[in-house]
Amino acid sequence: MRAHRKSKSQRILVPRGVNPDYRDVLQAVAGGQNLAFELLPYDPRAAVTTTASLETGIAGRTSPRS
Amino acid sequence: MSLAVLKPPGEWGAKGADIVCGEGQPLGVALSSGRPLLRFHDHAHGTTCGRCPAASWDARRLDGKPGFTLTLQAREQHIRRSKATSNICTNQGLLVTAATIYMSLVGPQGLAKVASTCIQRTAELVAALAGVPGVRVAFNGPRFHEAVLLLEPAGSRSAPRRSRRGASWGGVDISRDYPSLGNPLLVCATETRTPGTSPPMPRARGRDAERGRGLRNTTCANS
Numbered sequence: 013m014r015a016h017r018k019s020k021s022q023r024i025l026v027p028r029g030v031n032p033d034y035r036d037v038l039q040a041v042a043g044g045q046n047l048a049f050e051l052l053p054y055d056p057r058a059a060v061t062t063t064a065s066l067e068t069g070i071a072g073r074t075s076p077r078s
Numbered sequence: 752m753s754l755a756v757l758k759p760p761g762e763w764g765a766k767g768a769d770i771v772c773g774e775g776q777p778l779g780v781a782l783s784s785g786r787p788l789l790r791f792h793d794h795a796h797g798t799t800c801g802r803c804p805a806a807s808w809d810a811r812r813l814d815g816k817p818g819f820t821l822t823l824q825a826r827e828q829h830i831r832r833s834k835a836t837s838n839i840c841t842n843q844g845l846l847v848t849a850a851t852i853y854m855s856l857v858g859p860q861g862l863a864k865v866a867s868t869c870i871q872r873t874a875e876l877v878a879a880l881a882g883v884p885g886v887r888v889a890f891n892g893p894r895f896h897e898a899v900l901l902l903e904p905a906g907s908r909s910a911p912r913r914s915r916r917g918a919s920w921g922g923v924d925i926s927r928d929y930p931s932l933g934n935p936l937l938v939c940a941t942e943t944r945t946p947g948t949s950p951p952m953p954r955a956r957g958r959d960a961e962r963g964r965g966l967r968n969t970t971c972a973n974s
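From first to last, the protein sequence lines are chains A and B. Plus 12 on top of the position in the first sequence (first one is 1) and you've got our numbering. Plus 751 on top of the position in the second sequence (first one is 1) and you've got our numbering.
Some clues are possibly wrong.
[Claimed, not checked] Derived Cβ-Cβ restraints for the label pairs, each shown as a range:
#1 F895(B) - Q39(A): 20 to 26 Å
#2 A64(A) - Q843(B): 23 to 29 Å
#3 P53(A) - P787(B): 15 to 21 Å
#4 Q39(A) - S855(B): 18 to 24 Å
#5 F49(A) - T848(B): 32 to 38 Å
[What the hints assert, rightly or not] Only some residues are given here: those of chain A computed to face chain B with a beta carbon under 8 Å:
#6 A40
#7 A58
#8 A59
Honestly, the hints are just simulated from the structure, not real lab data. Just so you know, these numbers come straight off a predicted model, no measurement behind them. Heads up, the beta-carbon is just placed ideally off N, CA and C, and yes, glycines get one too.
The task is simple: from the sequences and hints, build the whole structure.
Right under this line is the structure:
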C-alpha cells in the first residue's frame, strides 16, 4: 500500500495460493481504493508461485519496489 | 513460525524483502472465540500509515448498508471521544506480553524445533492419510503444516466435522475457493498435538473414505 501511494499503480499481485480468508481481508482493507487485485497462478504440481508466474504478472505496470 | 527454519526475508533475492508481515497467534496467544489475534509487521524502508480505515457491506443485517472500522491503528486515537474518562479498547499489550514471554522461554532454537515438529507431524499426517483408499495428496511441493488432500470421487461432499475426542477437525473444505481441484480438503498438523493425543490414524475404508470419514484425526492450526 505504501508503494501504491507513491506509484499510483492500480494493480496488486496476489498469489492464488494465499489463504482465501487473507485475500478477503485484502479486499476489505484496500478494495475501497479502486485497486485491482490480480491473482498469480500457482504451479499445479507443487502449489507454489513460480518466479515465471511472478515475472509475467510484473510485466504489467505494478507498484515498484521502494 | 515457519521463519524459524527459513532464510530471513531480509536475505531473499538481491535486495531482500521490503515489507514482512505475518500472524503471531502461534506465539503463545490462546484463541478465545476466534480472537484476539496478533500480527507482526516490519519494513526496511520509510514509514507505514498510522491508520487504515475499511468498509464492509452487510447484506443480511443492514440491507447492504456500509459499516466502517479502523482495521489498523498504531495507537489509540480517539481518547478524547465524548470526553471519556476512561479508555477501553482491545488490550494489544496483553498479546505482546504473551508473545514476548513465549519467545523468551522458547528461544531461537526452540522456535526452530517447533517449526521442525510442525513439518514432521504434517509429513506423518499426510503419509497416513494418503494410505486411505479414495484419498490422494494434491501437491508434491514443500509444505509447512498444511496439505491439500483430494477425496474421490470428485462429486462427493462432506462437511468438516469434529472428531470423537473433540480435539480436532476433519479438515477444511476449500472446494468453493478452488473449484478446479474437485473435492479438496485442507488438513493441518501443528506442534500442539502429539501422536499420543491425536494420532493420525485413518479408520475408514471404501465408501467411508469417499465421504471423508476416514479423516477423523486430522488437526487444524486453530485446534
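How the hints compare with the structure:
| no. | hint | verdict |
| --- | --- | --- |
| 1 | F895(B) - Q39(A): 20 to 26 Å | holds, 25 Å |
| 2 | A64(A) - Q843(B): 23 to 29 Å | violated, 40 Å |
| 3 | P53(A) - P787(B): 15 to 21 Å | violated, 34 Å |
| 4 | Q39(A) - S855(B): 18 to 24 Å | violated, 36 Å |
| 5 | F49(A) - T848(B): 32 to 38 Å | holds, 35 Å |
| 6 | A40 | holds, 5 Å |
| 7 | A58 | holds, 3 Å |
| 8 | A59 | holds, 4 Å |
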